[in-house]
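With these hints in hand, go ahead and build the complete structure from the sequences.
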Amino acid sequence: MRWNLLMYKEYKQLNLSQTGKDVLEFWKQNDIFEKSISSRPATNPYTFYEGPPSANGMPGIHHVMARAIKDIFCRYKTIKGYQVKRKGGWDTHGLPIELAVEKALGITKDDIGKKISVKDYNDACRKEVMRYTDIWNDLTEKMGYWVDLENPYITYKNEYIESLWWILKEFHTKGLLYKGYTVQPYSPKSGTGLSSHELNQPGTYKMVKDTSITAQFKVKRDKDSEFLFENITSDLFILAWTTTPWTLPANCALAVGEKIDYVKISTFNPYTFLPVTVVLAKDLVGKHFKAEGENASFADYKGGDKIIPWEVKGTYKGSEFLGLHYYQLMPYVINEDLEKNAFRVIPADFVTTEDGTGIVHTASVFGSDDFRACKENNVPSVMVKDEFGKDVPLVNKQGRFVDEVTDFAGRYVKEEYYSKEEREAEGFKATDVLISIKLKTENKAFDVKKYEHSYPHSWRSDEPILYYPLDSWFIRTTAVKDKMVALNKTINWKPESTGTGRFGNWLENLVDWNLSRSRYWGTPLPIWREENGGEELCIGSIADLNNEIEKSIKAGLMPESFKLDDLHRPYVDDVILVSSTGTPMYREPDLIDVWFDSGAMPYAQWHFPFENKEAFKNAYPADFIAEGVDQTRGWFFTLHAIAVMLSETSDEVKAINAEVGNGGVAFKNVISNGLVLDKNGNKMSKRLGNGVDPFETIEKFGADAPRWYMISNAAPWDNLKFNADGIDEVRRKFFGTLYNTYTFFVMYANIDKFTYSEAEIAITGRPEIDQWIISLLNTLSKEVDAFYADFEPTKAARAIQDFVDAHLSNWYVRLSRRRFWRSDNSDDKLSAYQTLYTCLTTVAKLMSPIAPFFAERLYTDLNSITKKEAFESVHLAYFPEYHADLVNAGLEERMQMAQDISSLVLSLRKKVGINVRQPLSKILLPILDKKFKGQIEQVKDLILSETNIKGIEYITDTAGFIKKKIKPNFKALGVKVGKDMKIVAEAIGNLSQDDIAKLEDNGDLLLPTQHLINLTDVEIIAEDVPGWQVANLGKLTVALDVTITDELKQEGLSREFINRVQNLRKEKGFEVTDKINVRVKCDETLWEAINNNLSYICAEILADTIVLDNELTEGEPVEIDGNEILIAISKI
RNA sequence: GGAAAUAUAGCUCAAUUGGUUAGAGCAGCACCCUUAUACGGUGUCGGUUAAAGGUUCAAGUCCUUUUAUUUCCA
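The first sequence begins at 2 in my numbering and counts up by one.
Please note that a few of the clues may not be correct.
[Claimed, not checked] EDC-like mimics (lysine to aspartate or glutamate), calculated; alpha carbons at most 20 angstroms apart, straight line:
#: 1; residue 1: K701; residue 2: D719
#: 2; residue 1: K1132; residue 2: E1068
#: 3; residue 1: K796; residue 2: E497
#: 4; residue 1: K88; residue 2: E615
#: 5; residue 1: K86; residue 2: E11
#: 6; residue 1: K1076; residue 2: E1117
#: 7; residue 1: K398; residue 2: D472
#: 8; residue 1: K450; residue 2: D211
#: 9; residue 1: K1067; residue 2: E1117
#: 10; residue 1: K490; residue 2: D472
#: 11; residue 1: K754; residue 2: E1072
#: 12; residue 1: K391; residue 2: E405
#: 13; residue 1: K1069; residue 2: E1101
#: 14; residue 1: K29; residue 2: D139
#: 15; residue 1: K158; residue 2: D574
#: 16; residue 1: K734; residue 2: D803
#: 17; residue 1: K451; residue 2: E464
#: 18; residue 1: K318; residue 2: D306
#: 19; residue 1: K318; residue 2: D284
#: 20; residue 1: K13; residue 2: D729
#: 21; residue 1: K932; residue 2: E894
#: 22; residue 1: K158; residue 2: D121
#: 23; residue 1: K941; residue 2: E1068
#: 24; residue 1: K291; residue 2: E416
#: 25; residue 1: K965; residue 2: D1005
#: 26; residue 1: K81; residue 2: E615
#: 27; residue 1: K115; residue 2: D591
#: 28; residue 1: K964; residue 2: D1042
#: 29; residue 1: K964; residue 2: E1024
#: 30; residue 1: K88; residue 2: E160
#: 31; residue 1: K830; residue 2: E761
#: 32; residue 1: K81; residue 2: E1068
#: 33; residue 1: K391; residue 2: D472
#: 34; residue 1: K869; residue 2: E882
#: 35; residue 1: K86; residue 2: E142
#: 36; residue 1: K190; residue 2: D574
#: 37; residue 1: K210; residue 2: D356
#: 38; residue 1: K1067; residue 2: E1120
#: 39; residue 1: K439; residue 2: E416
#: 40; residue 1: K175; residue 2: D652
Hints were generated in silico from the structure; no laboratory data involved.
Put into structure tokens, the structure is as follows:
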């Protein structure tokens, strides 16, 4: 490596991995991240919220993706001049952590408090939760994600919890926090609920044989149901099937599918032999009726006959039944509310016609679907009052019927809950069987049989679980539903569909937020209650709590020495408060949903409102957040819900919202990014072993290439199929090209000692090609700015990549190379340096949000020599300004023409087999319109040098030389002729060369179809020049003169010779500035060619002399035009 | 079962928002260029735009139904 302080750094090769490490060190040594914040005015904040990761698992490559997106916009806003503080955070509570600890300690949930104290358990959780912190921090650093890791918020800290309590208290005060129940899997034996995680344990579901009943629900005859009684004489029943007959006393509704077809059938009850008419799903008739009985004689039927006659009396849609009332099947419990609002038909989306009758018996308290359906339709539950006057279900917590169910009082509802002896005793019958017998005799059962199905069992006791209503604390989110929906519409979602669809629909169907979790490691619910549930106190701060504790101590309920240092369980459970009447109040034992922890981070990260009110105000709400789409109902929801509710309940938040002009949202812009799949589109998982290790990837490619690959390949919200080959492609194509461009620049800049110390040459005074690339560069800056601002990083990356590859490297540098070689220090050369320098530094800035390392290296390598800007880092610089006056559309257009024409000429050369080193005399260009010639003349030199052609001739069609083609412009014509398009298009296609000429002369033409068309309705191109080699692209047509004169031939040979000498120079390792002498042994034809172009050749190869030496023996043998020659070169 | 996303060349993506011969890159093949040594150029190979139906003068694009993959919820 040649390197001194005054020279630009040159590298042997592109090594992004090493670059990453070097730049990281540079950032660390110079506190660049801190400076990127401190150098921006605090009065111009841009707020980003970091969704806290949980550090109890290893990070994967998808974390690199998600965090790259966050990083991009933070860096972008920084170089746009905003102060972007980003506080890191850790999500530290929750089930995954508890499970990991249970696994590590070899215990189950049941052992907590027994084999291990809650204290020891929680200490283990506290340790576990930060287990991978170092690895996460390492990744954060290596991937270049700038976030404040020094002062993160941690959700288990007392201050954090205190903020959560404050929020809960605000909600509680306004009646938005209440105790209700949900139906959950419950094990009567162990007396606990089972989490969905526990239900997903292997072996939970087992095949069992249960008694199933198809029950007859008698329809009340009234004006709503009258239509159903048409043409029948018997009583009318709805058939509903259940595998849990014990839930029938609690029946409160029947659910139908609105789109399902149902039939009404007259027949006889098989147990009572009474005539009945029943309703069931059309598709299930075959399961309940024998084909032989259809339309059999009703008169001939005798009770007990095997074949029971039946007849279809009508067909209905489920929707027609909605609102029908029926008589309560087992009327043990009844009250006014039930009388009025229960025992009716409701719609439900879970009804199918796979089993049963297509009508579902619904007992709201014993099924979660049932519960939801009843709630949605405002059907009250069948409940009884307990000793405290509280509503409880018909089955108690031991799994026995309550006294009100007189016939079965005290009986276990499930056979399995009885002991083995009891079940084997003489005359024992399961409760389900007893219920069946009762219903049969009462003409309420249509069918009873054993049914085998899969049913969940408790992994603890191995007995079937019950779905059972359990106490839970809820946040009344439904109270602010409309506001949440309205405010969601003010949020900018990327992509939009997640906001309107997934999130919007979720809000439309909002239910109250179940906050309760029966665990140990989490934020405790700060609610204390009297034992009978009478008085209730919600604590909103540590001070409040201490106050209450003091009262309690005075009342003698707690020891004087008591002091609470940790708000977690078990300590907080030792707190017993005193009610206004002097009775003890105990804490509600639940923890709260961890999602509340993270959703409250805007407030709790600052310990608001206890501290940092200013900091909070300056960072509320977030301008931008980004997480995976799986957070839609997670973090995105909880942030939104808490923010909207606080905007309604909290005076402090209201005041701040008013001050900062916030309508009540927690975030204004949100990207929900997609998943990272493996290269075959499969989900990455530990089991399949197809995960990609982010550390290995970064070690191999550095962080920039993977970041650029992930961002440029697919929009963030599309799933990404991660393929390491794609990273390599990005490295070669984009970074490789940019690196080459830099290398090219510094190679000559170092030779010429270009340090941008000369005065700036006015852009308008620079050559056409410089003005062109500067024009494109400005257009690019504007586009990229708009893309970033619109949260479209993919479009930004693609635009930058296209500029670097197609325009900067393969056109600008390619055509400007000779300007850098010239040994004089003309303005032209200076222009070239200044222009390329500007392009490189500008590109560095534009790409810096996505590829922060390489951009840094590129920028600082250049800027540290020129000192053009005072910034020590590209991330401290500012986004390139857009100069509209430097954008020249006409210039861009004619340069595009030059590129197209060159490409056409090269393709013609290829077609006729004349390579580019052989000069040709001219090309012919048909003139398209008035400005065409002027445009081409300005870029003529570029075309000629690129294609090695001597001249351009323009031709017009006056000689009838050119054959033209005419095409309809459908877009323009469509508006004009509409339905006649077909005939018009055909007529235009049939126009003769003369007609076309007339149209061109007059500006319009009347078609045979009587439509008047003008020049804007069609596109006319010169298609062919008969007798010439011709190529077309769009409107452009190029004809090539393929005649090779002797003079051209000699020139061609000279260029071949130059090429061979240059190859030799390179082989011998000469510097590009070394001068040489050349001796050559060749035939006369070649020598004549060399001699005739001697000065040109010498200049090209930096030779002082070229001599013919037919005695030459050393030298290198090379081949030119089929002849072997010898060339010997030597440095002077 | 509900909601959402996606489906275009072997692979990764475009297609000016409805305008007529659906384009790039990669991979493959052939040739070429280069004092930027692997970036590039020219050509070649590759498509019933997931399927079916509809609206329209005109559909990859709009509508309906279906299929596949994925996610979230139940």
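A quick look at each hint next to the structure:
| no. | hint | in the structure |
| --- | --- | --- |
| 1 | K701 with D719 | violated (26 angstroms) |
| 2 | K1132 with E1068 | holds (13 angstroms) |
| 3 | K796 with E497 | holds (17 angstroms) |
| 4 | K88 with E615 | holds (15 angstroms) |
| 5 | K86 with E11 | violated (36 angstroms) |
| 6 | K1076 with E1117 | holds (18 angstroms) |
| 7 | K398 with D472 | holds (12 angstroms) |
| 8 | K450 with D211 | holds (8 angstroms) |
| 9 | K1067 with E1117 | holds (13 angstroms) |
| 10 | K490 with D472 | violated (34 angstroms) |
| 11 | K754 with E1072 | holds (16 angstroms) |
| 12 | K391 with E405 | holds (15 angstroms) |
| 13 | K1069 with E1101 | holds (17 angstroms) |
| 14 | K29 with D139 | holds (13 angstroms) |
| 15 | K158 with D574 | holds (17 angstroms) |
| 16 | K734 with D803 | holds (10 angstroms) |
| 17 | K451 with E464 | holds (19 angstroms) |
| 18 | K318 with D306 | violated (32 angstroms) |
| 19 | K318 with D284 | holds (12 angstroms) |
| 20 | K13 with D729 | holds (19 angstroms) |
| 21 | K932 with E894 | holds (12 angstroms) |
| 22 | K158 with D121 | holds (17 angstroms) |
| 23 | K941 with E1068 | violated (35 angstroms) |
| 24 | K291 with E416 | violated (32 angstroms) |
| 25 | K965 with D1005 | holds (17 angstroms) |
| 26 | K81 with E615 | violated (24 angstroms) |
| 27 | K115 with D591 | holds (19 angstroms) |
| 28 | K964 with D1042 | holds (18 angstroms) |
| 29 | K964 with E1024 | holds (6 angstroms) |
| 30 | K88 with E160 | holds (16 angstroms) |
| 31 | K830 with E761 | holds (12 angstroms) |
| 32 | K81 with E1068 | violated (48 angstroms) |
| 33 | K391 with D472 | holds (12 angstroms) |
| 34 | K869 with E882 | holds (15 angstroms) |
| 35 | K86 with E142 | holds (17 angstroms) |
| 36 | K190 with D574 | violated (25 angstroms) |
| 37 | K210 with D356 | holds (15 angstroms) |
| 38 | K1067 with E1120 | holds (17 angstroms) |
| 39 | K439 with E416 | holds (17 angstroms) |
| 40 | K175 with D652 | holds (12 angstroms) |
Checked against the numbered hints listed earlier, the structure breaks hints 1, 5, 10, 18, 23, 24, 26, 32 and 36; every other hint is satisfied.
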